[in-house]
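Listed below, chain by chain, are the residues.
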Amino acid sequence: MDFFGIPPQALFGQLLLGLINGAFYAMLSLGLAVIFGMLNIINFTHGAQYMMGAFAAYFLLQYTGLGYWWALLVAPIVVGITGMVIERLMLRHLYKLDHLYGLLLTFGLALIIQGLFQNEFGSSGLPYRIPPELTGGQNLGFMFLPNYRAWVVVVSLAICLATWFVIERTKLGSYLRAATENPALVQAFGINVPRMITLTYGAGVALAAFAGVLAAPIYQVSPLMGSNLIIIVFAVVVIGGMGSIMGAIVTGFGLGLIEGLTKVFYPQASATVIFVIMAIVLLIKPAGLFGRAR
Amino acid sequence: MPEPLLKVAGLNAFYGESHVLHGVDLEVRSGELVTLIGRNGAGKTTTLKSIVGMIADRRGSITLEGRELVDLASHRIARLGLAFCPEERGIFASLDVEENLMLPPEIAVGGMGLDDIFRLFPNLKERLKSQGTKLSGGEQQMLAIARILRTGARLLLLDEPTEGLAPVIIEQIGAAIGELKAKGFTILLVEQNFRFAAEVADRFYVMEHGRIVDEIGIADLDQRRSDIEAYLGV
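Order-wise, the sequence lines are chains A and B. Its first residue numbered 1, the first sequence is counted upward by one per residue in our numbering. Its first residue numbered 295, the second sequence is counted upward by one per residue in our numbering.
Worth flagging that the hints you see were computed from the coordinates, not collected in a lab. These figures come from a predicted structure and were not determined experimentally. Hints may contain errors.
[What the hints assert, rightly or not] When the alpha-carbon atoms are kept at most 35 Å apart in a straight line, the in silico DSBU-like pairs for lysine-lysine are as follows:
# : chain 1 : residue 1 : chain 2 : residue 2
1 : B       : K428      : B       : K475
2 : B       : K475      : A       : K285
3 : B       : K423      : A       : K96
4 : A       : K96       : B       : K477
5 : A       : K171      : A       : K96
6 : A       : K285      : B       : K423
7 : B       : K475      : B       : K419
8 : A       : K96       : B       : K475
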């Protein structure tokens, strides 16, 4: 049984790869959307923070013996705290300025962090093993599904939906949404908005670090793993639009799948298809598919 | 005479380089309804925003029950027992009516219960699941007032609650404000609509060019009507 002359193993294999990539696009663009909403800053350090999450997992294993499952918990907290320090010391001074200043500062920070890691660890990747519970895979008949990849798709989807739920359906989320619209008024109601902004940045960064830990066994742990990914993620964010949480999730997974399909049917375009879509979206709907014009 | 609930003395406020308030002095006693009147740009809204801490650059003294507020961040000020209803109403588009209503945290016991609030503003009860900004202007104003009644704040700062509303709605808002006063709320009101203010206020302060230039008690209102018309330029 073929689909347009494509063997099903190849088709589903690429769709799975697309779904995995999409899971990372979704988690990272979600963090960017949350941060942009509250801080008005386009967090270019996001890729470096994703990389720091993977390195945190590596260090935890090397120096403390804490394995993958602990890393999933500890790395986001540690990297999230570094994010909160950055927010308190640097980003806080930029909120009243144009987006551009935040973008430049976080871009500079990303280059510094990447440079430091590259200086220490070179550019080649460090290996990180798949945890023993998730090695192997399932033969589904039409394709072979590695357990770890299935896990990544499931857990990232769960994290994305949980984030959506917190923001859209809880009291805390109503504070966040309100403060995104009018922080001064929310603060005048008695809510400590500056602290909420710090915690939001920490949470967005922690989300990137969590994605970094998930990525460590798939891609190698390397100083440049974030910079390769973040450019695509920014295209995803532009396509989805900055305003919407669900938009970030849907666009992330959707574009991963489109990229996977492109690899099957027209591999030459697979590296550029997202940017082509971005250009078209910018021309037709500049605020993005799910974005609200600001 | 007891110490006033709110006392503002020598208040100066700045927006960047521009000096907006030039030494405002006013007092609001517990249970009173005091109205700030004056032309556009006289500094009425800035006075309210300075009291709640939304103007970062403010100097002088603002005390609530003797406690100095002028150096506090706005979320700390709110927690001491005052609540602000802004001129633009500040209804959040990404929140439904219920979320808007429940947004301000309770800062003290003794806030109004939802049943009392819905009795005051019955329209809101039917629209709880609507998007906040889908309400009519009058309903948004009711929502903006309703949400600060829950919190337990005793001092309400209301900035032009009648602006842009139809007469029948203004009447409803006026009745609600009268009821709040009867319930013992202390209210500092900013109003351009003098006829509305005259029906609810105990006392008036007149603002001009960032200063209080006159104070008029409700008893002197009839004698002073021509002065007031001159102040407001009507």
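>> Name the hints, by number, that the structure is in violation of.
In response: 2, 4 and 8
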